[in-house]
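Here is what each chain is made of, one letter per residue.
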Amino acid sequence: MDVSLVEHLLLNIEETVSIVLFGIGFTILLLHRNLIKKIMGMNIMDTATYLFLASKGYITGRAVPIVVDGIQDVSAYINPVPSGLVLTGIVVSVSTTALMLALTIRLYERYHSLDLDEILILAKEEEQT
Amino acid sequence: MSRKKDNYETSRWRKFKSWVDGETDPLDHGMEAHEAIPPREDIYDSPAHEKAVKEELSRIYGEDRKAVLRARGIRYFQRFYKVMSVVLCLGIIMVLLWTVASLPITGNASNPDNNEVAARYIEKGLQETGAVNIVTGMILDYRAFDTFGESCVLFIGSCCVLVLLRLDGDSKNESIRKMIAESDDRHFEPKNDIILQKCACVLVPIIMIFGVYIVLNGHLSPGGGFSGGAVLGSGLILYLNAFGYGKMGKMFTEKLYKRITLCALTFYCLAKSYSFFTGANHLESKIPLGTPGAILSSGLILPLNICVGLVVACTMYAFYTLFRKGGM
Amino acid sequence: MRLFECILLLSLIVCAMSVAFTKDLLTSIIIFMSYSLIMCIIWMILQSPDLAITEAAVGAGVTSILFFLTLKKIRAIRKEDGSEQEEG
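Chains as they are written, first to last, in my numbering: chain Z, 1 to 129; chain P, 1 to 328; chain Y, 1 to 88.
Please keep in mind that the hints were generated in silico from the structure rather than gathered at the bench.
Each residue gets a CB set at the ideal place from its N, CA and C atoms; glycine is no exception.
A portion of the hints provided could be inaccurate.
Claimed, not checked - Below, simulated DSBU-like cross-link-like pairs (lysine-lysine); rule was C-alpha separation at most 30 Å, straight line:
1. P:247 <-> P:258
2. P:258 <-> P:272
3. Z:38 <-> P:82
4. P:124 <-> P:286
5. Y:79 <-> Y:23
6. P:66 <-> Z:124
7. P:325 <-> P:255
8. Y:23 <-> Y:72
9. P:247 <-> P:124
10. Z:124 <-> Y:23
11. Y:72 <-> P:272
12. P:255 <-> Y:79
13. Z:38 <-> Y:79
14. P:198 <-> P:325
15. P:250 <-> Y:72
16. P:124 <-> P:66
17. P:247 <-> Y:23
18. P:272 <-> P:255
19. Y:23 <-> P:82
20. Y:72 <-> P:325
21. P:286 <-> P:272
22. P:198 <-> P:247
23. P:82 <-> P:66
24. Z:38 <-> P:124
25. Y:72 <-> P:198
26. Y:72 <-> Z:38
27. P:124 <-> P:272
28. P:198 <-> P:250
29. P:325 <-> Y:79
30. Z:124 <-> Y:79
31. Z:38 <-> Z:124
32. Y:23 <-> Z:38
33. P:258 <-> Y:72
34. Z:124 <-> P:82
35. Y:72 <-> Z:124
To be verified - Residues from chain P that keep clear of chain Y, each with C-beta distances beyond 10 Å, as calculated:
36. 101
37. 148
38. 243
For reference, chain Z alone in the conformation it holds in the complex:
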């Protein structure tokens, strides 16, 4: 049982790696205090999800979905749907990253700290006064 489980994980190596990357990104997001590191963690989570999707669409021995020599057989090309999904995702992730970095700059201008806990404490004190 256990052996077959590990073997299956090794056969699905792209998915396994993407899950591990997702975990690393999530850990950075939760445990790091620095806001810029948190944003990087979220970016790593993003790319891990894209890797998972892209590896779902991959088929061994088949080519890029660009029609060559008029061959329009399903058995010649990989699945184009995940590529399209990931393409949209990558560009959206840039704009969310830019937005979060802009928010970080504003927070630093106001509280002079990148540490989320310190910012929360300062904000609470400010609220009380």
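Here the structure of chain Z is known, so what remains is to put chains P and Y in place on it, guided by the hints.
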């Protein structure tokens, strides 16, 4: 080492227990806890931060008893938070790995995600959209509405960054003027850096031509509006870095940015509305598809690619200038 | 090819771990940049050149530039603070 760790563990547990039971005097205990805890060994703590927390604690400690309790509560909460987040992350990874172990093997053609949708895109895509690159045909014809939403997300993202980081030049407020003067960082840098300028002279045309090539050939080869737009934006950023805002202002202003983005998004919206309207009502769309493989083919995909490319390039450039000096 | 892919995937994990454990922000941004480049090669191997081009331009290019700019801004503010404190 291990003995120390054991002590540390037991003392932490003891403190937690006494805190839960509320046996000891919290003021007295808080002082002891403050003294007894060795510096934490994990990587996330920098000594400077530890010192800052201690100072904060001792400052609060001087004030009153309530604040001590609150500071201790925060400390315990942080420790609890760390343990719980590690447990949560490990749990999520375990569950997901277990799921991956029961997924079908990668690269197998009979996997359930290779269903009739993908088959239809591949078999009929060339006739219905005229695009040789099936992915481009898919995202700009079958699923063009998604792409429109995404261009809008980019536009809204740049608007939000504009709201957050913009510094208004006409403002009467003295402090904002001071900030503008400070953020104009051009005089800190070596002006007219000869190496950068010569490199940019060679590289900018190549990058721009490559970007235009990617945008225009989006339906024939890998690429399309998004990647080409990002390349164009990088070219603009390099030009700006080498030659400064003075020369850039002659070519690309905020007004031009607004006009390009607005026109591209409006054209995209109108073109796709027309094609969806005719498609839904089974009307003849009267847009020639051309011969597959030619540059002027595949109906609306080429103009839509150009629109998306313009929006993306403008957004990337706008991000850069807003982050750099708070305005175009 | 399979071995090459495995090496790349392993280096992805190494890069992600070192992003987590590097203390200097500038270093971790550069490591993040190389992470994006490795991801771009993996997408070439997974037969999706569209994604590879987009990731190379967007992930390794624009995102890293934005991170660098944020760091520069924050350091500028910090320097200002330091000089003010010295004066007062």
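Query raised in the report: Is the hinted pair residue 124 of chain Z and residue 82 of chain P satisfied, with a Cα-Cα distance of at most 30 Å?
Result: 21 Å, holds
Requested in this report: Decide if the proposed pair is consistent with the structure: residue 72 of chain Y and residue 272 of chain P, CA atoms, cutoff 30 Å inclusive.
Outcome: 42 Å, violated
Query raised in the report: If you draw a straight line from the CA of residue 124 of chain Z to the CA of residue 23 of chain Y, is it 30 Å or shorter?
Result: Distance ~28 Å between residue 124 of chain Z and residue 23 of chain Y Cα, so the pair holds.
Query raised in the report: Are residue 72 of chain Y and residue 198 of chain P close enough, with their CA atoms no more than 30 Å apart?
Result: 25 Å, holds
Report task. Measure nothing beyond the straight line between the CA atoms of residue 325 of chain P and residue 79 of chain Y; if it is 30 Å or shorter, mark the hint as holding. Result -> 17 Å, holds
Query raised in the report: Is residue 198 of chain P within 30 Å of residue 247 of chain P, Cα to Cα?
Result: 16 Å, holds
Query raised in the report: Taking only the CA atoms, is the gap from residue 124 of chain Z to residue 79 of chain Y under or equal to 30 Å?
Result: 26 Å, holds
Report task. Please work out if residue 286 of chain P and residue 272 of chain P have their alpha carbons no farther apart than 30 Å. Result -> Roughly 14 Å between the alpha carbons, so the hint for residue 286 of chain P and residue 272 of chain P holds.
**Report entry** Outside-interface status for residue 101 of chain P - nearest CB in chain Y farther than 10 Å
**Finding:** Correct as stated: the minimum Cβ-Cβ distance to chain Y is 17 Å, above 10 Å.
Query - Given hint residue 72 of chain Y paired with residue 258 of chain P - CA-CA distance at most 30 Å - result: 27 Å, holds
Query - Restraint check for residue 198 of chain P with residue 325 of chain P, where alpha carbons must lie at most 30 Å apart - result: 25 Å, holds
Report task. Assess, step by step, whether the Cα of residue 124 of chain P is no farther than 30 Å from the Cα of residue 66 of chain P, and give holds or violated. Result -> Cα-Cα ~72 Å, so violated.
Checked against the numbered hints above, the structure violates hints 9, 11, 12, 16, 17, 24; every other hint is satisfied.
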